[in-house]
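Starting from the given sequences, assemble the full structure and let the hints guide the process.
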Amino acid sequence: MKKTLFDKIWDAHIVESIPNGPDILYIDKHLIHEVTSPQAFNELKERDVPVFRPDKIVATADHNTPTENQHLPVKDLLSRKQLKELTQNCEENNITLYGLGHPYNGIVHVMAPELGITQPGMTIVCGDSHTSTHGAFGTIAFGIGTSQVTQVFASQCLLVEKPKKLRVNVNGKLKKGVLPKDVILYIISKLGTNSGTGYFCEYAGNVFEEMSMEGRMTVCNMSIEMGARGGLIAPDETTFEYVKDREFAPKGEEFERLKAHWKTLKTDDDAKFDQEYEFEAEDIEPMITYGTNPGMGIKITGMIPLEGNKSDAKALHYMNFKPGEILLEKPINYIFIGSCTNSRIEDFRVAASYIKGKQKAKNVNALIVPGSQQVAVQIKKEGLDKIFEEAGFTLRQPGCSACLAMNDDKIPEGEYCVSTSNRNFEGRQGPGSRTILASPLTAAAVAIAGKITDFTKQLN
Amino acid sequence: MEKFTTLTATAVPLDSENVDTDQIIPARFLKATDKAGFGDNLFRDWRYDKTGEPNKDFVLNDPTYKGSILVAGNNFGCGSSREHAAWALKAYGFKVVISSYFADIFKGNALNNGLLPVQVSPDYLYKLFTAITANPSEEIKIDLENQLVSINSSGESEKFEIDTYKKTCLINGYDDIDFLTSKLERIKEYEQKRSVSEKEMDKIAN
Ligand code: SF4
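As given, the protein sequences belong to chains G and E, one line each in that order.
Counted from 1, the first sequence has number 441 at position 441 by this note's numbering; the numbering is strictly sequential.
Here this note's numbering runs 460 ahead of the position in the second sequence, where the first position is 1.
Derived by calculation from the structure, the hints in this document are not laboratory data.
Incorrect hints may have been included.
[Claimed, not checked] Below, in silico cross-link-like pairs of lysine to aspartate or glutamate (EDC-like), each with a Cα-Cα straight-line distance of 20 Å or less:
1. K8(G) - E285(G)
2. K299(G) - D283(G)
3. K491(E) - E43(G)
4. K75(G) - E329(G)
5. K627(E) - E161(G)
6. K314(G) - D509(E)
7. K263(G) - D7(G)
8. K648(E) - D11(G)
9. K643(E) - E43(G)
10. K510(E) - E413(G)
11. K310(G) - D517(E)
12. K495(E) - D48(G)
13. K190(G) - E276(G)
14. K84(G) - D494(E)
15. K491(E) - E254(G)
16. K653(E) - D48(G)
17. K299(G) - E329(G)
18. K653(E) - E16(G)
19. K164(G) - D623(E)
20. K56(G) - E651(E)
21. K314(G) - D517(E)
22. K175(G) - E285(G)
23. K457(G) - E210(G)
24. K8(G) - E651(E)
25. K510(E) - D48(G)
26. K362(G) - D454(G)
27. K314(G) - D475(E)
28. K491(E) - E68(G)
29. K643(E) - E161(G)
30. K310(G) - D583(E)
31. K457(G) - E276(G)
32. K653(E) - E43(G)
33. K56(G) - E645(E)
34. K510(E) - D494(E)
35. K626(E) - E16(G)
36. K162(G) - E621(E)
37. K626(E) - E254(G)
38. K81(G) - D494(E)
It should be emphasised that the depicted structure is a prediction, and the values quoted were computed from it without experimental measurement.
Structure (structure tokens):
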């Protein structure tokens, strides 16, 4: 039978299929962090069940960590307690932890790929919905709840029903100034936030083939925002080159052997998908969102749709926008470049190249938060920190930061923030905050202009 | 896990679509390391205003409606995978959530905590909202064995889908962890087999 990329990986990981029920799926890598793991460790203790395969688990601290003075004890007592529990739990169970201050510390979906922990053909889970990011490597990766974290601790397996399969094809040539973030915001704006529910999505077409690994991660990251369990892209030379020589990647002959296998991981011609969509690259422009879910997106020069349902009206009320409004020239006081969607080195390079030699507008607070310690080091190495500082941007230490506002990095009530993160839900960046999702280039341009601006004309 | 067979109760109507888990329990309350206490912050930013006063317009603060069933608009539980959302609903006292659509991860999380997500057709959901708002003491019956939800006064009912395995778990009060730990030998065999087939792959590749 013809198989899709997704089928090939899934089927190779079935330990047993329960008749009329879920599959027992083997998990190759389990990533954990401080927020969704403590209750799982407690549950194990209560049941007196040991961690089955501690060597297949890697932990980091990211959601709840401060982005300033990371060398000092964490000020927020609850956060400190959560981090301390993570450290203790990892010690007691022999789990590798890249905690705060460790050179490998970072947002879980930034740190694992850059260390070579994420490899093609794997199954990867984490108690975080943006685990879909790792799908960029041709990996089945998806977010799980804390009960499932406990299940993987106890058995290195999950009971899951096989999702349906969806393919999104984008072909053609992307316009200048259109980034991977715009591609995925465009797709979600066309398909809506629950078009992917029950599906795993493969992204195909020359646009993804020509994309860098970091771009592919941005795209796969937001698969969950259209409701899909995850997204994936067939591994190719770009993938192999990226994985090669990374800290935990297989080396030498073993690498070559695995690469031969990874090359087989692609959808067979004529394999069937349950659903398929086609888009043309030429139709995509820099995107922004205007509402309170990631599907409410328009091109930056576009108009908020006139027609809307009750929920749309509620969203517009929250954002203080009107149907038919054009957002160009709208003053913006906050921008945030960071989060597991856009906090890798290429994101900062593209922002810095726009910012270089310019000054941020006076009204703007511009927050830049690298996704990991390694990205932070690279920013310095390339001198991007100077560009940001000279332009008046604040460069912080790595973490999830203003993506979910668990730490002090919050957007004040009523303020708009053009953000490179992935969710514009009510209050996501702090109670009452209003999030406008965009690419790092758009965020940089808005910071310089102090308002929403059509920067594409200024690109050469 | 608690067993679930049938439930007859009044319901609280939450007439909003795309209720995401950030609304169910905002991130700033995720610092706790145990499962208790999340009920107090359920729908925190809708339930209370800035000064911490209950927001009178929000349905949980409306004394007209009470009950252990939450009836909500389409696409309930989207967004973040936080299981805290299921814990918060459970801790507040809900045993069932009815909607015309549930986000995947939320649905799994709810089932793993004995909170039953009941997916009904948009038409039936509309009937439920109408029945409850017309008569807040209307009782809704959930019969898990027969997979039926019904409105008591009119007797109008609809069948709902649930995975056979999950249904058995709920009815018997056991969970995935019990099941998976009973399979450890089988899992070890799989690991063994895979490491062998990877060596086979080696031969082919060379
Ligand atoms: S950056 Fe945001 S979306 Fe990504 S893992 Fe952290 S909180 Fe989640």
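Tested hints:
Only pairs whose Cα atoms come within 20 Å are accepted, and K8(G) paired with E285(G) is rejected, the gap being roughly 34 Å. Only pairs whose Cα atoms come within 20 Å are accepted, and K299(G) paired with D283(G) is accepted, the gap being roughly 10 Å. A distance of roughly 17 Å separates the Cα atoms of K491(E) and E43(G); the hinted pair therefore holds under the 20 Å criterion. Of the pairs offered as hints, the one joining K75(G) and E329(G) is violated, with about 39 Å between alpha carbons and a cut-off of 20 Å exceeded.
Between K627(E) and E161(G) the CA atoms are separated by roughly 14 Å; this keeps the pair inside 20 Å, and the hint holds. At most 20 Å may separate the alpha-carbon atoms for a hinted pair to count; K314(G) and D509(E) meet this at roughly 17 Å. Proposed proximity of K263(G) and D7(G) is supported: the alpha carbons are some 15 Å apart, at most 20 Å. Restraint check for K648(E) and D11(G): satisfied, since their Cα atoms lie roughly 17 Å apart, inside the 20 Å limit.
Among the hinted pairs, K643(E) with E43(G) is consistent with the structure: their alpha-carbon atoms are about 19 Å apart, no more than 20 Å. At roughly 10 Å between alpha-carbon atoms, K510(E) and E413(G) fall within 20 Å of each other, so this suggested pair holds. The suggested pairing of K310(G) with D517(E) holds, with an alpha-carbon distance near 17 Å, which does not exceed 20 Å. Restraint check for K495(E) and D48(G): the C-alpha separation of about 18 Å stays at or below 20 Å, so the hint holds.
Of the supplied pair hints, the one linking K190(G) and E276(G) holds, its CA atoms being roughly 13 Å apart against a limit of 20 Å. Restraint check for K84(G) and D494(E): satisfied, since their Cα atoms lie roughly 14 Å apart, inside the 20 Å limit. For the given pair, K491(E) sits about 42 Å from E254(G) by alpha-carbon distance, which is inconsistent with the 20 Å threshold. Between the alpha carbons of K653(E) and D48(G) the distance comes to roughly 28 Å, so the proposed pair goes past 20 Å and is violated.
Of the pairs offered as hints, the one joining K299(G) and E329(G) holds, with about 14 Å between alpha carbons and a cut-off of 20 Å not exceeded. With a C-alpha separation of about 13 Å, the suggested pair K653(E) and E16(G) falls inside the 20 Å cut-off, and the hint holds. About 15 Å separates the Cα atoms of K164(G) and D623(E), which keeps this hinted pair within 20 Å; it holds. As the CA atoms of K56(G) and E651(E) are separated by approximately 12 Å, the hinted pair is consistent with the 20 Å bound.
For the given pair, K314(G) sits about 14 Å from D517(E) by alpha-carbon distance, which is consistent with the 20 Å threshold. The hinted pair formed by K175(G) and E285(G) meets the criterion: a straight-line CA distance of about 7 Å does not exceed 20 Å. Proposed proximity of K457(G) and E210(G) is contradicted: the alpha carbons are some 24 Å apart, above 20 Å. With a CA separation close to 17 Å, the supplied pair K8(G) and E651(E) stays within the 20 Å bound.
Between K510(E) and D48(G) the alpha-carbon distance is near 43 Å, which puts this suggested pair outside the 20 Å criterion. Taking the CA atoms of K362(G) and D454(G), the gap is about 19 Å. The hint holds against a cut of 20 Å. Under the criterion of a C-alpha separation no larger than 20 Å, the hint pairing K314(G) with D475(E) is consistent with the structure, at around 12 Å. For the proposed pair K491(E) and E68(G), the alpha carbon gap of about 19 Å is at most 20 Å, so the pair holds.
Restraint check for K643(E) and E161(G): the C-alpha separation of about 17 Å stays at or below 20 Å, so the hint holds. Distance check on the hinted pair: K310(G) and D583(E) sit about 17 Å apart at the alpha-carbon level, within 20 Å; holds. A C-alpha spacing of about 34 Å is found between K457(G) and E276(G), which places the hinted pair above 20 Å, so the restraint is violated. Proposed proximity of K653(E) and E43(G) is contradicted: the alpha carbons are some 30 Å apart, above 20 Å.
With a CA separation close to 18 Å, the supplied pair K56(G) and E645(E) stays within the 20 Å bound. The suggested pairing of K510(E) with D494(E) is violated, with an alpha-carbon distance near 26 Å, which exceeds 20 Å. Distance hint between K626(E) and E16(G) is fulfilled; the C-alpha atoms sit about 16 Å from each other, no more than 20 Å. Restraint check: the Cα-Cα separation between K162(G) and E621(E) comes to about 16 Å, which is no more than 20 Å; the hinted pair holds.
Restraint check for K626(E) and E254(G): the C-alpha separation of about 41 Å exceeds 20 Å, so the hint is violated. Distance hint between K81(G) and D494(E) is fulfilled; the C-alpha atoms sit about 12 Å from each other, no more than 20 Å.
Hints 1, 4, 15, 16, 23, 25, 31, 32, 34, 37 from the earlier list are contradicted by this structure; the remaining hints agree with it.
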